[in-house]
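Colleague: Given the structure of chain A, go ahead and fit chain B onto it with the hints provided.
Here is what each chain is made of, one letter per residue.
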Amino acid sequence: MASSQQFCTFFLSGHFFGTPVPQVQEVIQYQEMTRVPLAPEMVSGMINLRGQIVPAIDLRKRLGLPPRPAGEQPMNVVVRTSEGAVSLLVDEIGDVIEVGEEMLESPPETLAGCARELVEGVYKLPGRLLLVLDTERAVDGAKTVPTAT
Amino acid sequence: MRSPADSLAWRLQGTSRTELMDEIVKDFLIESKENLDRLDQELVKLEIEPSSHELLASVFRTIHTIKGSCGFLGFSKLEKLAHAGESLLSKLRDGHLALTEEITGGLLAMVDAVRGMLQAIEASGADGDQDYAELVARMARLQEAPIQKAKGQDATPVPQLSLPPETPASASPEAGAEPAPSLALDDFADPTKIGGLLLQRGQIRPEDLAAALEKQELGRKKIGEILIAQGAAHPDDVAAAQRVLEARNPQSAVETIRVGVNLLDRLMNLVGELVLARNQLLQFSHSLQDAGFQAVSQRMNLIATELQSEVMKTRMQPIGNIWNRFPRTVRDLAVSCGKEVRLELEGQDTELDRTIIEAIKDPLTHLVRNSLDHGIETPAVRRQAGKEASGVLKLRAFHEGGQVNIEIRDDGAGLNLGRIRQKAIERGLVAAPQAAQMSDRDAMQLIFAPGFSTAEKITNVSGRGVGMDVVKTNVEKIGGTVDMQSIAGQGTTVRVKIPLTLAIIPALMVTSGGERFAIPQVSLLELVRLDASQPGPGIEMVHGAPVYRLRGRLLPLVYLNQELKLTPAAGIGDAKTAPAASTATNIVVLQADGRQFGLVVDEITDTEEIVVKPLGKQLKGISAYSGATIMGDGRVALILDILGLAQRARVLSGAGDSALFENEKRKKKAELAAAQESLAGRQTVLVVQCGDQCRMAIPLSLVARLEEFPSAAIETAGTQEVMQYRGRIIPLIRLSRMLTGAQAPAAASDRVQVVVYSEAGRSVGLVVDRILDIVDQTLALENTGQRPGVLGSTVIQKRVTDLLDVASLVRVAIPGFAEPPAAVSSGVS
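So the protein sequences, as listed, match chains A and B. Position in the first sequence (from 1) plus 67 gives the number in the numbering used here. Position in the second sequence (from 1) plus 335 gives the number in the numbering used here.
There's no promise every hint is true.
Quick look at which bits of chain A chain B covers, simulated, 3 or more residues with Cβ under 8 Å [stated by the list, open to error]:
# : region
1 : 103-110
2 : 114-122
3 : 145-156
These are computed hints drawn from the structure, not numbers from a lab. All of these numbers come straight from a predicted model, not from anything done at the bench. For glycine and all other residues, C-beta sits at the position ideal for the given N, C-alpha and C.
Looking at chain B on its own, in the form it has when it is part of the complex:
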């Protein structure tokens, strides 16, 4: 880090003094802002591990640098404040004080005050009118607090700088576990510092180092320089040690410069042009047949490729850059709301484009605040709900399908949909009947409406109604989406998906219907090639839907050419009626949203690193694509959005939903079915046979699962037939006995078919004789005499079928079903 004093020294010749000061102040501001950001993180970390001397030392050093610089630049108020902080920290460092929440609070307040002053300096050139006397006094008070033992920390007197260890060996890095070495001693033990390294190599004596360190405290020179000046070390040794350090820790040695983003943009475009010119040159060189020219163009090719990738990298930044400030935000919020929150960060090094990083900074901060304020409950409430007192807020970032996914997940109370509906009505966003009809998912979307807030009182954290709608618009502005899932009592997950406009992703290139497409490799699981001559079933049909048996599991298939309505290539024909008619079928096994499906393509060509480019606005609406890319030959190829494609093809709405949201999905499906019913009278029903002649229909929306068990699995509890099912005991109802009065032909077959019905967390098994079919049709019910558990009769597949009223049937068969569990279990056992 270049100190302002250094820059002053070399700039003094020439430029006028005011100009010079301006520049120095500017440098100071930039540098200090970075330092303050780091301080925030380090102080929060320090609170978690208060005994970390490394952290303490780093915090101390940072404050010291700020203090030194502002003293030099004549910002006396700022200096006074920093000084107060420094003295407090030195007490901590020397073990006279233990870190308490109060002290951390004081130090963080100081950081904020310093930040405020820096802003004042930036705006007016002076360090502001506020003198922060109260804060300085607070810091002084904190210093006088009695010595407290920090948790688990031994408060033995700390060795002082003037007492170097007796032998260098005891200061070797392995001795780091010794109780509380002081800051300066770190320089002895730490071979990542020049003093420590020289000591380890036996090139200097410990007492010389101690003397040099003392000198360094006074002045601001480098240890190496002091050692050379003292004649204690050979300049060559110091230089060699410096090189070793730089090689070992490149970060500390790498010089960075600031470059304007628009310059990078321009570079990016120029490199794009260069790459195109390169492509033309290469084609030209092939036709020219000149060995010398070909060699040159090959070289040019390599350089251009490398240049392109390096320039791309200049614009990418890890998302950690903006997450870094969340520990502080979360800590402050948690303290002010009286909550305990543990922040977990995952995927901090996920890289995305700089401009996108900037654009999502505020939306993400807002989401984090929301989770803390609305999501996570107070410790008392959490304990009551049987959860750990401290809530967990988890941020996760990862690349998927050429997009960056960011998840903000809390384990708080979840969204209160009732309240959301009510608030939306109060605020006039929807009419009452409309709100009542809304599905849960639609209701959840209400929180994205402008002006919406459910906060009881407006806090300084959130509840002002400028929130989720702003988050949504900001994310959508950069082509992203916001999705929210919530389970009452278990928490809320917000998923932000943003495109990587410039990201390079590995992709599999395929062709279908004569067109080329790129499939992001993250979605790719495996490739399967079916030869027509190969024995085995190949592609089979289940109710018109093609499937393939992949190692015993049914893999639903999607024909890319059909999905995209491309003219089918010769030989494939209409795959729905004549699958696998061609000689070979290529199946790309993909994963989207945790589920697998197979994509049938004409040809699989190659894998390639592609540059994701956004589609024009005219094509944004097509969910099947996530972007486009330019191939080596200069032509454009579309990048498939696997999730979008799967949703289009409806291969995702089946079994195998991710467990967490299974109930939600089922509920949604039930609602959907109910809506369909009310709209057109259409219903999907499961047709079963009970007894010899009787056909029954059960609305499919009520069916949790279809199972087959050996008859031996049926046990009895009292008079009730029961069965062990997924770790629980569920009662069984024999439909034929119940509805027709017929005695079930006992042991007629050794397997029983069970339709599992669930309600309010309780399940019951309906034993049927045969499962016949699933039918989607309009049900014209006719009343054929009152029977308990039967809604009426209708004609399905030209045969009279009774439509079951499962809910009341179950209640007739098992009185007390779906009451509080205690009542039922006593009836069962």
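In isolation and in its complexed conformation, chain A is listed as follows:
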């Protein structure tokens, strides 16, 4: 029997994403953010997480997805990274699911743009696909790809 892994899942513009549960520190409601002028575009701002200042990265922007419809508030998925805690802004939180490794496949070659670098693999769940996000890269990109403002 192949080993299985737990994923914290979330939705982004209709896509179904997941990050391994051990990487997730917590999931919190939308927080008021402080804008950071001159920052890379994908850094939406900073939030105060119990006295710790945590940058919030808009995953839609990071993945090159269309912007979030006005009026919809994102959720924060706070992940632990080698650079400290970082909040990922997502549309909606899904369940924690356990999936077996036999369902894993490498991302399709046809995946476009940034998504290709950031999707580690795809789980073929019945009815839909779970895209595994490479959180380290998602966070790192914010540093290496500053967007002109």
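Modeller: Chain B alone, transformed into the frame defined by chain A:
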């Protein structure tokens, strides 16, 4: 200080003996290490003021304590060594010997040996295999040195302990200037000691104190206890005196304990959480309208605030804690390199976070070593260069902009850029053509490259090539920067800037474009509010750059919302085209790097004490911020990095450079201009008018200053027109006469415009009729016939303009310019 004997006494009940000994040895090690550190400092100080009995006494006491403890714990070798040191010191103390460099060297060697033994004890539990017989013998030899008179010290026989002064009055503190009171006598005269205080209060008799002191020499009890035991003093008096002493000198009375740093970290985080919960509670209490509840939450508020600030303090340490060991390091290095160095420390009580203190310890030591080894020259070389024989090494620490700045400045030879380039090529760090093209500043950066060293020979001090790159990486690891400035022959300054991750700084809160920002108060000079209705010029424009006249001086302005590309708030509009369109303008006058500028913000709210927190790695690269902070309402606000902001806005690259580096900056600018020219053919030129029709362009990079003088200031020396300028005489060249042959309309106006040109330390003034403009454009030169001093002609602002070749023009006009000064001055006078 608790002696091991005391701890033994109260611990004997219960625990097993080996366990107990381990603990005692551990205490002994910690205590002795601190004592040794202090010894290092005190011995170096003692060398500077050899007649200080206070220092001598303290040194003696420290060695005595170590000796006593290790005798008790059975470390016989260590005891023997300490004993040798103690006997030597007692000779010094009693005036039989004067302190010489040799003796200091011996004592320092002993301190090192003791330290080595302590390490051996820590590692193996025994005091090592080395018996240091040679060192002990050296100490013995030193003791036999003939009595020497120390400088300025009177070697009269020293009063002995058994001869107390006749009256207590003569032992009053004012009598401290008497020649050489002995150590024990200090106890008489010194009202900071219990014996002295009791004596001063007339509660004991001097002879009782003398007897008690003798007893103390034998045993290890407290004077107060002995006095009580002798029946010479009343216990209440002793207790009262003790209290007075404690109140007077809290340091000696305060008990300290050692606490793990991770525990402090945890406390810090918990307090952070508590403060947040407190904030929520406060908001809740406002909505509840319950008087009792509100009172409780107010109280809770105060306690939490105080708790927070106290816990913060537990992690802060003065930088002096690591500087303390530099006097010894510098002394030893100076002796071993045959140099004379004076160490100056400034800002020792600058506090920074414990973890940061630890992290910068090694880089700083390395920089200090570097300055001594490479920077400061030997006395002979220094004298030749016309400097004082002893070099000065200055360490300075201060808070600026939420960062700690540490400067290591020496007045040595400075960096040899030629050698640096050459070495870098030899070591294959850069290619030869690349090295030649490098600016001085870039060349200086080469020393931060891994494996770089210019030392001729590898010494035990430095030159092994693991140096500046390690310093740089270590400092950058904690979010700091290292910057180096050097002037050949004048010295090198290394500036280390490190963030205070946990420091609390006062800050001014402002808003711009709807966002809140904190401005560290250290950069703040004043606040100016301009009402639109107010008479006066307000904000004016100089070539598209907004300025404000602040008490007669032009203050360059920076619009925060534009600099940060924030959407401009309503009413402000595009300030570059329509400044001061709104009803009022708030200008925060700031200082960065010694220069002033005004920051225009929408609103100035308040000053607040803020806790500096680092920005995430994703945002580190933005030079405009130095960190972030959490405000009372729980929201995050960015802390502006004033220097970074000013550099972004380019308000710093103008006149008013700090004098020391003015030449460097100018050189850099000239290089930059040259580089631009070669890259795109673009050049910034000063357009002047000479004569009625002739327009001339002078590359701006060659212009030192533009000045206006009354015509009366022109004097003549021989046939040469000259002028007094900044305390010197500079020759003048009338451009129109020189280039067009026209006679200048004498006294046409009572002011003359002078373009000052400098080369190799010599200046010359070019007299022009009018200064027209400064233009930045691509110059397509066309040769319009050879004329001396003219490179060619070009079209600037739709008019034909000659581009001057200033260097050759000056040489035509003044033969011998920029030759050795003697030749020129003889031509002038």
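Colleague: Each hint needs a verdict: does it hold in this structure or not?
Modeller: Cross-check of the supplied hints:
For the region 103-110 of chain A, the assignment as covered by chain B holds, since 6 residues bring a beta-carbon within under 8 Å of that chain's beta-carbons and 3 suffice. By the rule of at least three residues with a Cβ nearer than 8 Å to a Cβ of chain B, the coverage given for the region 114-122 of chain A holds, with 8 such residues. Only residues whose beta carbon comes within less than 8 Å of a beta carbon in chain B count, and the region 145-156 of chain A has 3; three or more means the coverage holds.
Checked against the numbered hints listed earlier, the structure breaks none of them; every hint is satisfied.
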